[in-house]
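Modelling step: build the complete structure from the supplied sequences, incorporating the hints.
Following the numbering used here, the numbering of the sequence shown begins with 1 at its first residue and continues without gaps.
I should point out that these hints are in silico values taken from the structure, not numbers from a laboratory. Ideal Cβ positions, reconstructed from N, Cα and C, are used throughout, including at glycine. Hints may be right or wrong, so weigh each one.
[As the list claims (entries may be wrong)] Calculated lysine-lysine pairs in the DSS-like style (CA-CA distance at most 27 Å, straight line):
| # | residue 1 | residue 2 |
| --- | --- | --- |
| 1 | LYS211 | LYS160 |
| 2 | LYS258 | LYS282 |
| 3 | LYS160 | LYS29 |
| 4 | LYS211 | LYS150 |
| 5 | LYS282 | LYS116 |
| 6 | LYS150 | LYS165 |
| 7 | LYS282 | LYS300 |
| 8 | LYS160 | LYS282 |
| 9 | LYS160 | LYS212 |
| 10 | LYS258 | LYS29 |
| 11 | LYS77 | LYS29 |
| 12 | LYS211 | LYS165 |
[To be verified] Each pair of labels, with its calculated beta carbon distance range:
| # | residue 1 | residue 2 | range |
| --- | --- | --- | --- |
| 13 | ILE283 | ASP92 | 49 to 59 Å |
| 14 | ASP92 | PHE118 | 38 to 48 Å |
| 15 | GLU184 | ILE161 | 54 to 64 Å |
| 16 | ASN89 | LYS258 | 28 to 38 Å |
| 17 | ASP207 | ASN95 | 21 to 31 Å |
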Amino acid sequence: MNYFLVILGLIVIFSIPSVFGEEIPSWVKNSAGWWANDSITDEDFVKGIEFLVNEEIIQVEKNLIQNKTPEIPSWVKNSAGWWADGTINDRDFLNGIQYLVSNGIVSVSQDSSYDKLFIGGFDLSNAGPFEGNSYAQYTIIMFSDHQCEKCVNWLSHEKKIIDEKLIHSGIAKFFLLDYPMLGEDSVTAAEASYCALEQGNYFEYLDILNKKYAGIQNGWASVNALVEYSKTLDLNFDEFDNCLFWDQQALRVDYNKKVALSHGVVGTPTFFVIGPDDQIEKIVGPQPPMIFEAVIMEMK
Numbered sequence: 001m002n003y004f005l006v007i008l009g010l011i012v013i014f015s016i017p018s019v020f021g022e023e024i025p026s027w028v029k030n031s032a033g034w035w036a037n038d039s040i041t042d043e044d045f046v047k048g049i050e051f052l053v054n055e056e057i058i059q060v061e062k063n064l065i066q067n068k069t070p071e072i073p074s075w076v077k078n079s080a081g082w083w084a085d086g087t088i089n090d091r092d093f094l095n096g097i098q099y100l101v102s103n104g105i106v107s108v109s110q111d112s113s114y115d116k117l118f119i120g121g122f123d124l125s126n127a128g129p130f131e132g133n134s135y136a137q138y139t140i141i142m143f144s145d146h147q148c149e150k151c152v153n154w155l156s157h158e159k160k161i162i163d164e165k166l167i168h169s170g171i172a173k174f175f176l177l178d179y180p181m182l183g184e185d186s187v188t189a190a191e192a193s194y195c196a197l198e199q200g201n202y203f204e205y206l207d208i209l210n211k212k213y214a215g216i217q218n219g220w221a222s223v224n225a226l227v228e229y230s231k232t233l234d235l236n237f238d239e240f241d242n243c244l245f246w247d248q249q250a251l252r253v254d255y256n257k258k259v260a261l262s263h264g265v266v267g268t269p270t271f272f273v274i275g276p277d278d279q280i281e282k283i284v285g286p287q288p289p290m291i292f293e294a295v296i297m298e299m300k
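Put into structure tokens, the structure is as follows:
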């Protein structure tokens with residue numbers, strides 16, 4: 001494995017963060033069971049645990065230390081299997097993860113946080129890249145669900161007119177944020193878009209999702225379908241598959257949903273237009289481009 005990190009002087013303290021109450025997410029337990037049964041490789045399991053540690057789903061105190069072990073001992077794998085079937089508790093399983101971190105098998109980053117970006121009181125730190133000029137005086141934020149038919153239709157038609165009149169002309173920049181409300185596939189599709197972002201194909205993947213739209217919870221946005229779509233782009237398939245398999249973008253999607261809720265979003269599509277003096281106008285529903293133009297004119 002190439003995932004060993006030599007770290008000097010380490011004290012590791014594990015706890016389960018309050019965002020998950022008193023439980024580790026169920027998908028972690030499923031993955032531990034698959035690893036114990038050799039359904040996934042050591043490398044895939046280690047990558048997943050690195051994500052959990054660096055995203056502080058499993059929290060560690062990141063002091064410097066050392067230790068390097070060339071392989072995972074069998075007792076750690078046995079513990080993962082026992083934990084998956086309920087034989088041992090969470091704390092006993094975390095002791096095994098502590099061993100992986102303290103011996104350099106799982107690498108710990110020093111800072112996994114995103115740069116903060118606030119516009120008009122909206123936290124856009126976890127949004128995907130925006131469209132338009134960064135110096136544009138106006139900002140349009142769209143909260144959307146990939147399984148929302150009205151959202152897809154608006155993006156496929158009205159958005160093109162707004163691009164021409166407001167975005168490409170440098171008047172406004174455009175952010176798309178997740179508000180997955182129509183089922184589990186909505187959440188997974190949002191995660192997939194950020195997995196594509198990791199490899200520089202965010203907008204290309206969004207375009208595929210819009211073209212593949214076929215309703216709500218009927219398979220077109222299932223995990224298997226989302227992975228297949230990645231094959232049509234210039235992506236590292238294994239990295240994309242691993243990202244989606246381990247829900248590596250789940251916290252990001254959940255964060256954007258909380259941003260939506262904090263601003264009173266209850267359905268999709270919902271838009272906010274923000275002016276140069278932080279004026280805010282809320283637009284509900286798939287409104288025509290003239291509404292956005294009128295709002296910006298009123299703000300001038």
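Status of each hint after checking the structure:
1. LYS211 to LYS160: Given that 27 Å is the threshold and the Cα spacing comes to 15 Å, the pair holds.
2. LYS258 to LYS282: 17 Å, holds
3. LYS160 to LYS29: Status violated; Cα separation ~44 Å.
4. LYS211 to LYS150: The hint holds at about 13 Å.
5. LYS282 to LYS116: 23 Å, holds
6. LYS150 to LYS165: Given that 27 Å is the threshold and the Cα spacing comes to 21 Å, the pair holds.
7. LYS282 to LYS300: 16 Å, holds
8. LYS160 to LYS282: OK: LYS160 and LYS282 at ~20 Å, within 27 Å.
9. LYS160 to LYS212: Given that 27 Å is the threshold and the Cα spacing comes to 18 Å, the pair holds.
10. LYS258 to LYS29: Status holds; Cα separation ~25 Å.
11. LYS77 to LYS29: 13 Å, holds
12. LYS211 to LYS165: 23 Å, holds
13. ILE283 to ASP92: 49 to 59 Å: 52 Å Cβ-Cβ, so the 49 to 59 Å window holds.
14. ASP92 to PHE118: 38 to 48 Å: 42 Å, holds
15. GLU184 to ILE161: 54 to 64 Å: Roughly 33 Å apart at Cβ, these two residues miss the hinted range, so it is violated.
16. ASN89 to LYS258: 28 to 38 Å: 30 Å, holds
17. ASP207 to ASN95: 21 to 31 Å: The hinted range 21 to 31 Å is violated for ASP207 and ASN95, with Cβ atoms some 46 Å apart.
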